[in-house]
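The listed protein sequences correspond, in order, to chains Y and P.
The opening position of the first sequence corresponds to residue 1 in full-length UniProt numbering, with each subsequent residue numbered one higher.
The opening position of the second sequence corresponds to residue 1 in full-length UniProt numbering, with each subsequent residue numbered one higher.
Simulated from the structure, these hints should not be mistaken for laboratory data.
Because the structure is a prediction, the values reported are computed rather than measured.
Warning: the hint list may mix true and false statements.
As the list claims (entries may be wrong) - In silico lysine-lysine, DSS-like type, Cα no more than 27 Å apart, as pairs:
id: 1; chain 1: P; residue 1: Lys408; chain 2: Y; residue 2: Lys22
id: 2; chain 1: P; residue 1: Lys445; chain 2: P; residue 2: Lys429
id: 3; chain 1: Y; residue 1: Lys174; chain 2: P; residue 2: Lys445
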Amino acid sequence: MTVRVALFATCLGDTLFPETCKAVLRLLERLGCEVDFPLSQTCCGQMHFNTGYRDETVPLARRLGESFAGYDAVVAPSGSCAAMVRDIYPKLLDSDLPGRMYELSEFLVDVLGVTDVGAYFPHRVTYHPTCHSLRMLGVGERPLKLLRAVRGLDLVELPAAESCCGFGGTFALKNSETSTAMLGDKMRYVLDTGAEVLTAGDNSCLMHIGGGLSRLRAGVRTVHLADILASTEEEPWLATR
Amino acid sequence: MARNPVTWLGVPAFPEAAHEALADSQLRRNLRHATHTIRDKRTRVVSEVPDWEELRRAGEVIKDDVLANLDTYLERLEAAVTARGGVVHWARDAAEANEIVLRLVREAGTDEVVKVKSMATAEIGLNEALEAGGVTAVETDLAELIVQLGHDRPSHILVPAIHRNRAEIRDIFRREMPGAPADLPAEPRALAEAARKHLRQKFLTAKVAVSGANFAVADTGSIMVVESEGNGRMCLTLPETLITVMGLEKLVPSWRDLEVFLQLLPRSSTAERMNPYTSVWTGVTPGDGPREFHLVLLDNGRTQTLADPVGRQALRCIRCSACLNVCPVYERTGGQAYGSVYPGPIGAILTPQLVADPHDKQAASLPYASSLCGACFEVCPVRIDIPEVLTHLRAKTVAAKPKTSPEKLAMTALGKVFHDPRKYEAAQKAGSLARYLVPGGKITKLPWPGSLWTDSRDAPLPARESFRTWWRNNRG
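So here's chain P without its partners, still in its complex pose (with noise of 0.2 Å):
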């Protein structure tokens, strides 16, 4: 079986790709200011709607029902879409979507195609897919254009160019955007200007359009993108043809059910009232915009997540990315250090479990790569118990290791000790005689792995004496 591109090749497990990011002031400083800026917007527009959780606890539940039917709900999505004139396309893996992709732009007779931003495409790695068949892929959204033109890779989910600072993208344009000003300043406004030149050239001429897709509604066949730029707007009106790739759980059932997600959505990705662009269409419509239509439905390890009755709520997840922007370590880290395109709290349950491979080491490392504060869970617009989740996949990941791991060998006698309160007192008593052996009242320098510790952080001895102990002498 060909490797899931959902993980970036030759990454490494995130205590070592978070080395390099945390030793970056300038990277840490960004991501410091562009994630606190957004939360306490993101605080400020909650705290206006009064029925904020019970539009949670409304998502959760159509999110769920989708989940439990989705074979039902994805048949009438099928049979919806054909009525109206689109093709539906089932891939099993990233291989199959790209193929099925690459074959519909070669049939329209092109060898360029545009791009709204889209999750699903990063996923499956469809650039490098069609490059690799010939056709260039021109990203339209602004920061994947910019990462896109950095031969970069995205650190967030709606803002994929949040660890570049103006100045970056001032070069990067230089260097990597054909007829960009020599003199090009660093300011977002010029910036944003010299990438709209850019991009109409390319919207004019394209004729064929990739996009993803952010929630399909079963009953009438309609896709819905929403975005901020426009960009968007222009790909799925301007070219010919339009593939849709989507992920089959983007469902929901009726027209009533965006309700609930057009609140949910801008409030907690970006932090605005309402969505600046929020496109739909059905099927194709003759003399109004493209004049095909391919939906690609994108399994990618999606059927084999449900199967899992804690690790499927994952699948709820409307890729807001409200759990990156509070969450302590992806602060500190950023996104790359996840190795996928999806990082943060969501990245570290749901890379793994569409890699679903147990001996792979680095999609392993991720559910190791929070502290459990439980941020993400309390912002997360469809209730996903990321926390749960987490120790959940920890919990496959022991279980994957074999017996004579160190670290099984050490958990495993640990909790015989706790287990046999004798035991357990014989070993409290022994750490206590450290005291004679360390001077000062506290530890500063521990062989490994206690120099994992050490190396920033004191640590206490135990007792001279243990409660129980003194317990046992006084009141006993």
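Just chain Y, same shape as in the assembly (with noise of 0.2 Å):
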């Protein structure tokens, strides 16, 4: 049986990081899955929610829900919108998309039972897990099994891993300061490690502790969890960013 499966790409993906969103396309196909991605999905509110616009996120809410209408389950390079969605979203309105709705990890390792996606990454890599996949949706292991399991892949520790790096959507502009010293003892952490590529499930956070690093040119690359996963001998993973 086939599992009619949806790409939430988020509206951050979608415009920024596009090719992390054919990564994930790439990986279900090449995993079995038919992948739709029905045009008239948008952003899932959870800036204007975090930010205290209420009445400007239901009406995006339910349209996402009419977007991913009719589809066994719906996959979100991202855990924060994935945890927008499935923790917020029942207390916004009434809809049965937060029983359907995965972040990557959870879709790989508890829907199609697999942790071998079969990548290969020959790269030195450390892991952050995010807050919203860490504490809201409780992801745990998964991403690391998914790693584990990646030829030429060598994963290191990141010291104080499940601290927050600042990011925090508008958080990091209304606070701007506190955010950048949160930013500050994360990549230092990063850059002790020695790992050449820092990895996570959510380009949000990826694209605040990537933005600090290019800014030292430290010459450590952030890169989505999707795009290790998708990444073969045959189709390795380049670096377009």
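Quick one: dock chain against chain with the hints and give me the complex.
See below:
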């Protein structure tokens, strides 16, 4: 039986990180899924909700529910957006979307039942468990299990991994200096690992940490978990950012 | 109406208040060391308790029952305290509570009181009110004494002087403590000894003591204070008159409920298995302890907080400060940036509710002093969903903003773009044109408010082709 899967690109992925969305598509199709991308989807409304704009959030939540009606599962390459749908939507409106929303690593491990996705990524990698993946979704060891099965990948532990990178959506602007202080500590730990690549299940947090590392010209790249898992010997990941 | 002293007069909104703290590398180091030490220890002692999650649920349920039936339990408490020879006073706000305490102190015929550390009296600015009435209040908790002698403000619920190192404390003692040796060394033992000598004098002469309360048992009218130094016990037993100021949410229904909180509190707060000094008293006992006992039940914004179905969970708080110790924001800014005796994540949700003024810019900035990382909710022993209350209070702040505020206009416009896939795709295409204007594939400098990002971080450019455009061209 084929699972009818819809890809939820998220507004950030769609606009700034389309390569990650293509990686999710490649990966899921390689694993035998039939993937669709309903074009009526836009944004889950998390930024509006978290900043206090509830009236603006509800129509976006309703729209997302309509976009994904009829699919068995909806997969997002973002723990944060998946958590918004799963944890917050039930407080805002009546929708069956939360029950069908999966973050990528959850979908791979829980629904497809795979940890070895046949990936090849010959780099030293460290993993940052983003706050919403960690605490709101509780993805736990799933991303690490997937990473450990990647051929050629040298996984190193990130010190103080569970502390926030300081992104927090509009927090990064409203409390820019505090956000930067949090980022500074996170970057120091990343550099301490000697990793070439920092990965996570959220391009938003990677954009924050990567933006800081880029400013330092630190030579550490931020690569979404999906990009690593989609990478194979035949079709390796290419630095396009 | 008089200004509610729960926030400090003249403190700017959080981002500005944090600016100075963030630049103070010694402060950052002190805080980092202290919070990491206690959070690691907390994790260890909590992991020893196999039913910790059940205990948290029990704590939540008991407190929610208290909040849902507060009127019943308060009347029961009042009856029990009165029956055992205590006197109950009701105070609507800080001014009323301070007046009651000042009157009682004057009636006792003294101008000096000793105090066991109390968040409630700090919340209402009792020391300042007593001073204005000619009464000196002496803090007997060591950390609280350091703050008081240093003419400073507290920066932590449990460790008010967390921002001070031992050399600073030595200097404060030498300067401000009568009889402190001129050659006092900056060693913890010597500092504690100097404080002990100074305080012993006060304990033995004070006629009146003022305390807070960690718990009050409605069934019996018993009041409980938990502390680690024994100074509290001296205050609670030696003076002739004992005045307790207690927030009216500090109730538990029965003695059996204390079992839950006496496990949750010490492990969450000081990372200890058991609390060192736990003192309980019930009314007055002839020939033993204070001859008079007064209980001041303080509202000060609590009943209006109770009226908010989401916000009221903040009243479950047992002031353990575990949320402060894990908070990445608190770790960098310290407590004084929050401008209130309640700092950190709990302060960010409790203070604005007690202030209850949507136009108070400082209070309104507090719910935004969080990245919503959720570490606070994870450690809270009574399961206060702090991130939920933060976003709830942010919504209230937004509702109080004028429609013409630049942020509101921008968010409304963005909401409309997100709501229409065609407008959304057009905006993506317009954004991708930036690639032709910006060399190097990343943005390193933006005008305000974008500079708030690019001052410390590069920003990615919109992709040449969004995913949806690619999909339409290749798969659609």
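Cross-check of the supplied hints:
Under the criterion of a C-alpha separation no larger than 27 Å, the hint pairing P:Lys408 with Y:Lys22 is inconsistent with the structure, at around 34 Å. This hinted pair checks out: P:Lys445 and P:Lys429 have alpha carbons roughly 21 Å apart, not beyond 27 Å. Taking the CA atoms of Y:Lys174 and P:Lys445, the gap is near 18 Å; set against the 27 Å cutoff, the hint holds.
In this structure, only the earlier hint numbered 1 is contradicted, and the remaining ones agree with it.
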